[in-house]
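Generate coordinates for the entire structure from the input sequences, incorporating the hints supplied.
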Amino acid sequence: MTRLVVSSIGPVSSVQDGGRHGTQRYGLTPSGAMDRLALAAANALLGNGACAAAVEIGPFGAAFTAREGAVGIALAGSPRNADIAGRAVAFDASMTIPDGETLTLGFAKEGAFSYLALEGGIAGEPMFGSLAVNARAGLGSPYPRPLQPGDVLPATAAADAGERRIELPAAVEGPIRAVLGPQDDEFDDSAKALLFDSEWRISATSDRMGYRLEGPALRHLHGHNIVSDGTVDGSIQVPGNGAPIVLMRDRGTTGGYPKIAAVITADFGRFAQLPAGTSFRFKLVSMAEAQAAARDFAKLLASLPDRVRAIENFDLNLEALHDANVAGHAVSAVDAGTWLAHD
Amino acid sequence: MNASSPQPRLLPNGDSAITVEFSRQIDDAANQRVLALDRAVRETPIDGVTETIPTYRSLLVHYDPCAIDFDTLGAGLLALAQTARPQKAESRRWRIPVAYGGENGADLEEVAKALGITPDDVIARHAGGQYRVAMIGFTPGWSYLSGLDRSLHMPRRHSPRVFTPAGTISIGGVQAGIQCLAAPSGWHLLGRTPVRTYQQHREPIFLLEPGDHVSFFAIDAGTFAEQERAAERGEIVAERVNA
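Keeping their order, the protein sequence lines are chains P and Z. Everything in the first sequence is counted per the working numbering, starting at 1 for the first residue and increasing by one. Everything in the second sequence is counted per the working numbering, starting at 1 for the first residue and increasing by one.
Keep in mind that a hint or two might mislead.
Here are the simulated distance ranges between beta carbons [said to hold, decoys possible]:
(1) Val241(Z) x Gly223(P): 39 to 47 Å
(2) Asp197(P) x Gln82(Z): 34 to 42 Å
(3) His224(P) x Arg233(Z): 37 to 45 Å
(4) Val162(Z) x Gly277(P): 23 to 31 Å
(5) Arg201(P) x Phe217(Z): 49 to 57 Å
(6) Asp149(Z) x Gly223(P): 23 to 31 Å
(7) Glu239(Z) x Arg219(P): 44 to 52 Å
(8) Thr50(Z) x Ser303(P): 20 to 28 Å
(9) Phe280(P) x Gln200(Z): 54 to 62 Å
(10) Lys299(P) x Glu110(Z): 56 to 64 Å
(11) Arg219(P) x Gln82(Z): 31 to 39 Å
(12) Asp188(P) x Ala124(Z): 40 to 48 Å
(13) Ala88(P) x Arg42(Z): 20 to 28 Å
So the derived list for chain Z, only partly shown, Cβ under 10 Å to chain P, looks like this [what the hints assert, rightly or not]:
(14) Pro12
(15) Ile18
(16) Cys66
(17) Asp69
(18) Phe138
(19) Trp142
(20) Gly234
Calculated from the structure, these hints are not laboratory results. Where is the CB? At the ideal position from N, CA and C, for every residue including glycine.
This is the structure we're talking about:
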C-alpha cells in the first residue's frame with residue numbers, strides 16, 4: 001500500500017485538522033491546527049476540504065519518504081528549506097514525492113509551524129469527527145501522540161495532476177489584535193493600558209496548550225483566584241505572578257485565572273506562528289472590528305480554492321529558496337507548568 | 001423573573017463566544033440557572049450557536065460570528081435565561097466506589113489532622129454527601145461537584161502537585177471532584193475510584209453529564225483492583241440508581 005513514512009521529525013509535530021467540536025462540555029478541548037489559514041492553503045492545493053487533517057510540523061526539521069508509490073503532497077505555513085532528493089521545492093505549492101524518494105525539510109523560518117497535506121487526505125479513524133492529536137486525552141489518528149521517526153501515514157497513490165501553487169495575500173503585519181473580556185473588570189485601567197502599551201516576548205516554555213508571555217507583570221484588583229469558567233482559543237489569562245498566558249488549541253476547557261482579553265479569530269494563526277523569543281505588541285479592537293475581521297478571514301479561507309494555479313511558466317527561483325539562513329527556535333516539550341491553571 | 005434571580009451579565013469571551021454570567025461565586029442557585037439555560041439553548045437551537053459549556057456560575061456559548069453577532073445573540077440568550085426553568089427530579093443518580101486513604105488518598109491523614117477529626121470521620125462525611133455535577137472541565141471527564149459537607153471546606157494545597165493519578169477523588173475549597181486522567185492539581189487527595197468518567201471505545205465515552213447526582217461509597221483495595229480491571233475492559237463500574 002502506498003504510504004508516507006516519517007524518516008525523521010522533531011518534537012511538537014502531529015496530525016492536526018479543524019479540531020473536534022461539541023465535547024468541551026465534557027472537558028475535552030478542540031485541539032486542531034495552530035494556523036488554520038496555512039492548513040486550509042495546503043489542503044486547497046490538493047483539492048482537499050479546508051479542515052482536512054495534515055501533518056503540523058513544529059519548528060525543527062523533518063523528512064518523509066514515499067513507499068510503494070508516488071505521494072502527492074502540498075506544503076504551506078512557515079517557510080523552510082525544502083527538497084525532494086536534492087531538488088529544491090517551494091512552499092505554498094503542491095508536488096509529488098516519487099516512490100522511494102525523500103522530502104527533507106529544514107528548520108522553520110519566519111514562523112513556527114508548517115503544514116504538509118496529503119493528496120486524498122490522511123486516512124485514520126476520527127473520534128468526535130476529528131483526527132487531531134490530543135496526547136493528554138489519548139486521542140488522534142493514525143497515532144494518538146506526536147509523530148515519531150518510523151511512523152507510517154497511509155496515502156493514496158498520486159494522480160498525475162501536475163504541480164500547483166497558491167497565491168496568498170501578503171502576510172499581515174502589525175500588532176496582534178485582541179478584545180477585552182470576560183474578566184477585564186478584575187484589572188484597573190493601568191493594568192489594561194500595560195497590556196496594550198507594552199512589548200511582549202513569547203517565552204521558550206510555550207507549547208500547544210499555552211504561550212507564556214514575558215514582559216511587565218499585570219496586577220489583579222482582587223487577587224488571581226476566580227471561580228473556574230470557560231476558556232476560548234486565544235484567552236489571555238493572568239495567573240498570580242502577573243505574567244499572561246495565551247491559551248492555544250490544546251488549552252484546558254475551563255480555567256480559574258482571570259482572563260483580561262482574547263486574541264481575535266483572524267489573528268490567532270498569525271499569533272500562533274510567532275516563534276519563541278519573538279517580540280510583539282497587542283492592539284485593542286472593538287467587538288464590531290473583531291467580528292468584521294472574523295468574517296473577512298472566513299471569506300479568505302473560502303477563497304483559497306480559487307487562488308490555486310497550475311505551475312507552467314512559473315519560474316521557480318531556486319537561489320532564493322536556498323538564500324535565507326536556517327535559524328532554530330527553542331520550544332519546550334509539554335510543560336506541566338502551563339497546566340497549573342486548574343482551579 | 002423575580003428579585004432573587006437577577007438578569008445575568010453578558011461578557012465577551014473573544015469574538016466567537018459569550019460568557020453568560022449568573023454569579024461570580026460558587027452558588028448553587030446560579031449553577032441551577034446555568035444548567036437550565038444550557039438545556040434551553042440545546043432544546044431551542046439558535047442559528048450560529050456551535051457549542052455550550054456550563055460551569056459553576058456561567059454558561060459559555062460558542063458561536064459563528066459569520067452567522068450571528070454579539071448583540072443579537074446576547075439579546076436572545078437574555079430572553080431565554082428569563083424563561084429557562086431548572087430541571088426537576090429526572091436527573092440521573094450515580095453511586096461511585098472509592099478506595100480511601102493509603103497510597104490511593106495521600107492527603108487523607110493530613111486533611112483529618114488539619115480539621116481535628118479522624119480519617120474515618122473524613123471518609124464518613126465525604127461518602128455521606130449528596131453531590132451534583134456542577135460542571136465538567138479542564139481535562140476530559142474532570143467532574144466538579146457541589147454539595148461538599150461544610151466541615152470539609154478547606155483551602156487548597158499551598159503548592160500544587162505536578163502529578164495526581166487517574167481516578168483521583170479530591171476536595172478543594174468548597175468543591176469536591178472526580179478526576180479521570182492524570183493531571184496536575186492543587187486539591188487534597190482523599191482516594192481513588194476505578195470509575196472512568198471518560199473512556200474511549202466505550203459507550204458512553206463520557207459517563208457523567210452536568211446536572212447528574214452523585215454519591216460515594218467506600219471499597220477496599222482488593223475491590224478497587226478488581227473493578228479497575230473491569231473498567232479497563234470497558235465495563236461501567238459506577239452504580240446507576242433510580243431516583
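- Earlier hints that do not hold, by number: 9, 13, 20
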